[in-house]
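Here is how the chains run, residue by residue.
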Amino acid sequence: MPALNTSSLPDIIFMLLFFFMSVTSMKEVTYKVQIQNPSATELTKLEKKSLVRYIYVGTPTKEFQKQFGSETRIQLDDAFADKSEIADYIINERSAMNESEQGLMTVSIKADKETRMGVIADIKQELRKAYALKISYAATQRTNY
Amino acid sequence: MADISFLLLIFFLVTTSMDVNQGLTRRLPAPIPPDQKIEDTDINKRNLLVVKINSANQLMVQGQEMSVKQLREKAKEFIANVNDDANLPKLYEEDFGGAIGVVKYAKNHVISVQNDVDTQYQAYLDVQNELVAAYNELRDECAHKYYHKAFNELDEEDQKLIQKVYPQKISEAEPKNYGGN
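Chains as they are written, first to last, in the numbering used here: chain C, 1 to 145; chain W, 1 to 181.
Think of the hints as simulated: they come from the structure by calculation, not from any bench.
There may be inaccurate statements among the hints.
[To be verified] Derived Cβ-Cβ restraints for the label pairs, each shown as a range: (1) THR30/C - GLN36/W: 37 to 47 Å; (2) LYS48/C - GLN159/W: 32 to 42 Å; (3) LYS69/W - THR6/C: 53 to 63 Å; (4) ASP3/W - THR24/C: 19 to 29 Å; (5) LYS66/C - THR16/W: 25 to 35 Å; (6) LYS62/C - LYS164/W: 26 to 36 Å; (7) GLU99/C - HIS144/W: 13 to 23 Å; (8) LYS164/W - PRO10/C: 53 to 63 Å; (9) MET21/C - LEU28/W: 33 to 43 Å; (10) MET60/W - VAL29/C: 34 to 44 Å.
Using N, Cα and C, we set each Cβ at its ideal position, and we do this for glycine too.
Kindly produce the complete structure, drawing on both the sequences and the hints.
Now the structure itself:
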């Protein structure tokens, strides 16, 4: 029996590769907090990724719990942060942007669904201070209750 | 050759994520300058819908206990005030032009969401979601009535017009402790 001809295998794999490259996006950061997205129905997509900055809120993952405890924590970029650092972070990020795009910046709050609202309210106050008024509560789509 | 492309493929599978960015978009009020006194803006009681969420994620709407599922209907009834009820927001007549013309609408209504420090994020989002859904449904009904199309099939100008008829006014107070600790 002749061996299977595999000379076209690279082409097929490359095709798969390009498919995945076009439909996916790079991970923004490595999560240091555990986040289970809340769900909602009336969602809007965030169009331009370059205009979106993220604030992650949740309990630290297993390997960080020894160091940081199991209380809800805020993560900015790749590090844990205190809520007082949010305003500085946003202002920094905004000034790094194109001047014409600064007003369009959106802050996406990715918070765990079990988070207490006190934490979220604190974040919102900080965002108001930094004049980052366009926000989005990240959530996953659900069909009904 | 195939090995190299396999390697690349696996690399991309590991480093990328499929999730799309979506969420409930909201606009926060601008901060109050420190030298400005906080004035209690006087809102006529009939123009105000108060939604309170306590630490056990229970809902109270206008002093009445309610489940989240009922909230959408209640909010729609409040925003539209179809029968010009004296207890629901005052209606103002205005000429919007376009296909809509002269319409009565609740110009000054406000929905106030108040939550406790211990309210769960999901419960809070559920409430926000229902309120936004109420607006979306009303706008969609309006689009069907005047344009015979769904709201998101309309062009931008007509959408803006309908948004003016049903302006989204959800105000959020700072969280308070509503008992139940």
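Query raised in the report: Out of the numbered hints, which ones does the structure contradict?
Result: 2, 6, 7
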